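Assemble the complex: chain D is given as a structure, and chains W, S and E must be docked to it using the hints.
Protein chains in written order, with UniProt numbering: chain D, 1 to 416; chain W, 1 to 416; chain S, 1 to 416; chain E, 1 to 416.
Be aware that one or more of the hints could be misleading.
[As the list claims (entries may be wrong)] No farther apart than 27 Å at their CA atoms in a straight line, the calculated lysine-lysine pairs in the DSSO-like style are these:
(1) 291(S) x 402(W)
(2) 399(S) x 291(E)
(3) 291(S) x 402(E)
[To be verified] Incomplete in silico selection of chain W near chain E, CB under 10 Å:
(4) 213
(5) 295
(6) 296
(7) 297
(8) 298
(9) 300
(10) 415
Keep in mind the hints are simulated off the structure, nothing from the lab. Quick caveat, the model's predicted, so the values are computed rather than measured. Note that CB positions come from ideal geometry on N, CA and C, so glycine has one too.
There are 4 protein chains.
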Amino acid sequence: MDFDYSERTETYRRQLSDFMEAHVLPANHRYHALAGQGIYPLDVIEPLKARAHAQGLWNLFMPELEESDPGTRLSNLEYAPLAEIMGRVPWSSEVFNCSAPDTGNMEILKRFATPEQKARWLDPLMTGEIRSIVGLTEPDTASSDLTNLATTILPDGDHYIVNGRKWFSTGAKHPNAKLAIVFGISDTDEDADPHRKHSFILVPMDAPGVEVVRDVPIMHHHAPEGHCEVLFRNVRVPADAMLGQPGDGFMLAQARLGPGRIHHCMRTIGQCELALELMCSRALERRTFGKALADNANIQDWIATSRMEIDAARLLMLQTAFRMDRDGARAARVDVSAIKVTAARLQTQVLDRAIQVFGAAGLTPDTPLSFLWTWGRAMRFLDGPDEVHMRVIARNELKKAKGAAGANLWHFVPPQ
Amino acid sequence: MDFDYSERTETYRRQLSDFMEAHVLPANHRYHALAGQGIYPLDVIEPLKARAHAQGLWNLFMPELEESDPGTRLSNLEYAPLAEIMGRVPWSSEVFNCSAPDTGNMEILKRFATPEQKARWLDPLMTGEIRSIVGLTEPDTASSDLTNLATTILPDGDHYIVNGRKWFSTGAKHPNAKLAIVFGISDTDEDADPHRKHSFILVPMDAPGVEVVRDVPIMHHHAPEGHCEVLFRNVRVPADAMLGQPGDGFMLAQARLGPGRIHHCMRTIGQCELALELMCSRALERRTFGKALADNANIQDWIATSRMEIDAARLLMLQTAFRMDRDGARAARVDVSAIKVTAARLQTQVLDRAIQVFGAAGLTPDTPLSFLWTWGRAMRFLDGPDEVHMRVIARNELKKAKGAAGANLWHFVPPQ
Amino acid sequence: MDFDYSERTETYRRQLSDFMEAHVLPANHRYHALAGQGIYPLDVIEPLKARAHAQGLWNLFMPELEESDPGTRLSNLEYAPLAEIMGRVPWSSEVFNCSAPDTGNMEILKRFATPEQKARWLDPLMTGEIRSIVGLTEPDTASSDLTNLATTILPDGDHYIVNGRKWFSTGAKHPNAKLAIVFGISDTDEDADPHRKHSFILVPMDAPGVEVVRDVPIMHHHAPEGHCEVLFRNVRVPADAMLGQPGDGFMLAQARLGPGRIHHCMRTIGQCELALELMCSRALERRTFGKALADNANIQDWIATSRMEIDAARLLMLQTAFRMDRDGARAARVDVSAIKVTAARLQTQVLDRAIQVFGAAGLTPDTPLSFLWTWGRAMRFLDGPDEVHMRVIARNELKKAKGAAGANLWHFVPPQ
Amino acid sequence: MDFDYSERTETYRRQLSDFMEAHVLPANHRYHALAGQGIYPLDVIEPLKARAHAQGLWNLFMPELEESDPGTRLSNLEYAPLAEIMGRVPWSSEVFNCSAPDTGNMEILKRFATPEQKARWLDPLMTGEIRSIVGLTEPDTASSDLTNLATTILPDGDHYIVNGRKWFSTGAKHPNAKLAIVFGISDTDEDADPHRKHSFILVPMDAPGVEVVRDVPIMHHHAPEGHCEVLFRNVRVPADAMLGQPGDGFMLAQARLGPGRIHHCMRTIGQCELALELMCSRALERRTFGKALADNANIQDWIATSRMEIDAARLLMLQTAFRMDRDGARAARVDVSAIKVTAARLQTQVLDRAIQVFGAAGLTPDTPLSFLWTWGRAMRFLDGPDEVHMRVIARNELKKAKGAAGANLWHFVPPQ
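Only chain D is shown next, with the shape it has when bound in the complex (with noise of 0.2 Å):
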């Protein structure tokens, strides 16, 4: 009757921080070096990758483990206070095998790919052997609502021809990215049900006729891994390559953007608590007019607004973990929506906060506050943007009360 970790999840807890303070924190500082060199750091990452998986820190994000595959065996409430851990340093999500958008692409591959699909693709992204990408949001559509989309995905003959643009493709960048899922429409027919007309379908990046454009920067910082424009121009694959049944796109989709949104919110959990110890430490520690900024009644109000959001954010996260568990991403439709919008609106909160607490230092990359600011920024689009997900939840709502209408006549008070 409480949200406290269990043991279980305690002892992963404190194995996976031991590993983070011995192994991941102390190669911070090469990993950013490389990165601002342009270098894909995976010199520090390969090592890391196989001391994780060797301890069994390993696709911590996947709860339906089969016995043949690698890996612990954690139920997303069991995932959620981990995944806290790894956000506090955004790239050692991959460390363990945990990045997106990988997650998402093994979880609908595990669900919906062919005994030949799987062996292809989800194998090695389950080893960490290569990685993947998503091909969703397009530049030049109004992408919230995917019945927009413009990408096709068109038969010919036993093949597929993918034609379309596609932008904020994570990972592209990335030296191990082999596989793209693309989503277009499949079925051109004007008549068709609207839901029905699209689909994914697997490409392999060395496929002729894709094309990375170019890595777009996120509030001007080019993430090491990319978040690109993907050009696919007459790419021509098997019939085989359809994941599930042509139209299951939408199906598809939302059973993609369950667990991968709520890994989000998890990750922005830690990264406000890191936000509010650095806050603090540098309240402590900074004078102006002879006391200590912490000595500040709006400093510490500011302290103490973050601790009670993000108390309160964790717990809503921690409820849709709980619920995605037991009644399934569905049916947690609602509940993931809620907890996406509330997480992507605290972190650009706690994260202003604190970058006002640093002063100037705040806006620099010499602390972590400038990327987690923006990467909040960001946050309220991926995934769908805030107001979709607003207009989710208030629909849920207005149904219930359409349900109940006269309930509350009693509670109206008749002029006296």
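Just chains W, S and E now, with coordinates in the frame of chain D:
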């Protein structure tokens, strides 16, 4: 591993909801009609009390009942969802003998009163025969800092003489108010420990020198039971009216406030739920410029934001209740401060949105919104202003940060 | 090239301030004492009116006076700082014959009434002999969309029959209220132009069928003059009681609201200034935890933010007044909407901070804060809810953008 | 009696807008293409400078020009709407010789430099031959309290030795940067007046010991001219490089910051206007779920709120400019603080909304929004963090309140 309600809690929720539906809500109009005429609606309340007592819906708030005591035996965590239900009709708490400030008063009497004091005051409080007030806040001092309080409780032979002016003494206008528990300085020695100079004393409301000067309306609202200004002028009480030892005042004040504060929060959550329900119904019902209010994206955003905020606050409240049950009120002190601030802010925010959806009707007493909004504003002072609680939270956070100095160094990235 | 006040304005400001200081403020306690007993304080007000009239502080709000009319001749820009001063003591507007809704009523009578209507109603309003109400908003319709209003004004031979229920008719409880200006449907033809179907009609308050049903308190506050619910049941008025032509209702409503809306804003600014002054005094005076409230950085931030917001809002208000003077109320329509929303938000924000500085005393009627805060909430509906005004502003902005499509292309930077 | 622009101002606005349209905007893409390759776009800028100089659009910011000086002669009030126009294309200020920090540097050189100093540094700055930096903020001290700064400027015979580390020295990477104006401690006597211990000294950028250590990106954005970390290691300058008298540092810092701060605010307003225009165009253009974004009431609320906030801030800025012109920068000190805080907040708010309307595109460098939003965040520190400015405003307000103690007593109403 969840805050989902236990079977036992669910049973009580059903029972209480049925009671509200069957007996309380239908009496709501008559309650307000009498209160509007300045009559305390005992007529309405006493039969409901009898019925509630008979059904065992009694003293729900009190976790530590002895066998001889009337009432249920619920933990704070179990009580929370019930208080939420009661909160929807603010006057209903009395029906279940769960009204402030009697609840807090009963708790400290239970823990600290002598057998004689218990027989005289606690027993009739537990059975609902009498009601009580607490004399804490003063009009002439900045009472958020208790060391400022100026009321005196000075020994005079085998008596104490009480002198002072209190206000916001809830319940002093109630026809059954018999007992005032008064806080004041009992040790005037300048050099004494400032946290051992105050005491609580039990003063009969009919003692000579006790005068209910006036009822102080909160945002123009006169509560039927009153939030009164009470004058204590040379009130003589025997030495055995002292609660606990002389100098125990601070300790008792702390003990008293923990559960009381969280009860307010529980009711707040229920009131916000009600406001959200009303907001949704109204938005579905009213049309302007050719569509229902509910079809406007701004109103949908208000609904969604309210839902997210309420859910997060409820979890924070349940977590606090859980920790109070497990670790005691003292250990959960920072949690209590956090939920106290969170709930008060929530109430003004959610209610403000609901009012806006209702239009001018939201300003009137015809809907519960106007009372709940102004009450929410009062909640930001009740049991201590927000700022005092945020100070508690911030100091706790800063203390942790002091203990962890240097822990975050690896997160900073040296200039390349 | 400045909104600094002209010499003439400064002279009036001094005169008005002196009057307030010498005559109005000293009467404030007695005014409230009488109002508190349910007596309309004519005793207090009538002698002050006579004195103000004698000093030429009369009808200050009315820019277009004829030679024979009593009163000053001030532009909106000149009136603004005077209304600010009056706003500090809300009841004082009546002393200078500047109360809502009489001001708006006088303005439309001045512009649209026949000589006979003027002689009967406008002249005694201008001299302050009688007062008037306006019947616009209705309890049973979403009145922010005027086409929803359901009151009817139907021809019956050489009379009109008025049927409907209005509320928030300010002033209906005033002992001198003699005239109701009522808005309703005068043309029931479904196919008629929806903006030419309504009219305003002049109804004597003592006409048979006019019933002041009740005073509707705003956030529990009963204004002495009332914001009343008024029932018009088969009220017969002669055809010459029609104001303007049948079907002029929308046009007159627009004409009426322009200046009235901005007067509220002017008074709001004054009320916020008062709140800021009170907040500062209290913060200097009260001490907690060893220092004055004013020494806390959070309270300093509230003070500074209030000062910035008030100053910015005042300038927006002065600019609107200037544009109304120069271009007319119709041309300044969007400006009026902007200051209306800005001022209402300002009032709740600044007052909220002031209340927090006052502690629980801020909830009581002992300070002006509780009334001003709740009144600020009502301001968000008065003369149209915020949302309707924001819609006006947004549409205007979007219209400009439509006209300028493509103008900004060079600001976008093509991917390199 | 209005802030409407004078005929003269309108003429300059037209001239400047035409210039922007005809020459600056068409060069925008090439500017960014070069800057993106790490090349300072002198190629683009120098010809534009020549043209602007020839047209008399030169040194627009400088109110007090002598006859021999090149440039217009505009008051701050006249300059404001021109700076607004320049703000829309941030790099364009240089075209008109109006870039920070040269503007502030020219102003203090003009007022305080010796004829020799002027000949060497001011003249080539006024003609745009060279550029300059200012060395104020330091990475290792809480620089919002200038008494914390640790750089030393110590006499050594007829020279001074400068030692210290500065950062956020804008322009140090500019190929024409020749002069650093450095702030530091020139009097190490502990007992000296803490506001007379600092000085400004003129340091040639090519002096031995001056090292531009690195460019510090602001939120990952590298400005072509750099916001650099600059090390001064035993830099020897002759005694006549002292600006003003030893100990004048604080006075000069104040003099320097007044106009500079408000120039940023003027440009901010222009940037917010641009963001609002872009937001509107995009909202009209994009469709989701069957309608244009512009048809959603939440987006309309963002547009309306932005319009209201921008207009109010512009007026506050114009009023400050007017007061600076009339009363001097010192007298307008509190006004400058107010507009500084207001404008910085405005920029992050308006830009945040614009980004949300743009969706993920708003995160990219393809639109100007990402730079303007992150720049707005930096504005909250530039020339002093918000909190320092709010402290100035609050103290001023509290000082007034102290002088008026008791003035408001009549506003309180004694209990009836």
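The hints, checked one at a time:
no. : hint            : result
1   : 291(S) x 402(W) : holds (25 Å)
2   : 399(S) x 291(E) : holds (17 Å)
3   : 291(S) x 402(E) : holds (16 Å)
4   : 213             : holds (8 Å)
5   : 295             : holds (9 Å)
6   : 296             : holds (4 Å)
7   : 297             : holds (4 Å)
8   : 298             : holds (4 Å)
9   : 300             : holds (8 Å)
10  : 415             : holds (6 Å)
Against the hints set out earlier in the document, no violation occurs for any number.
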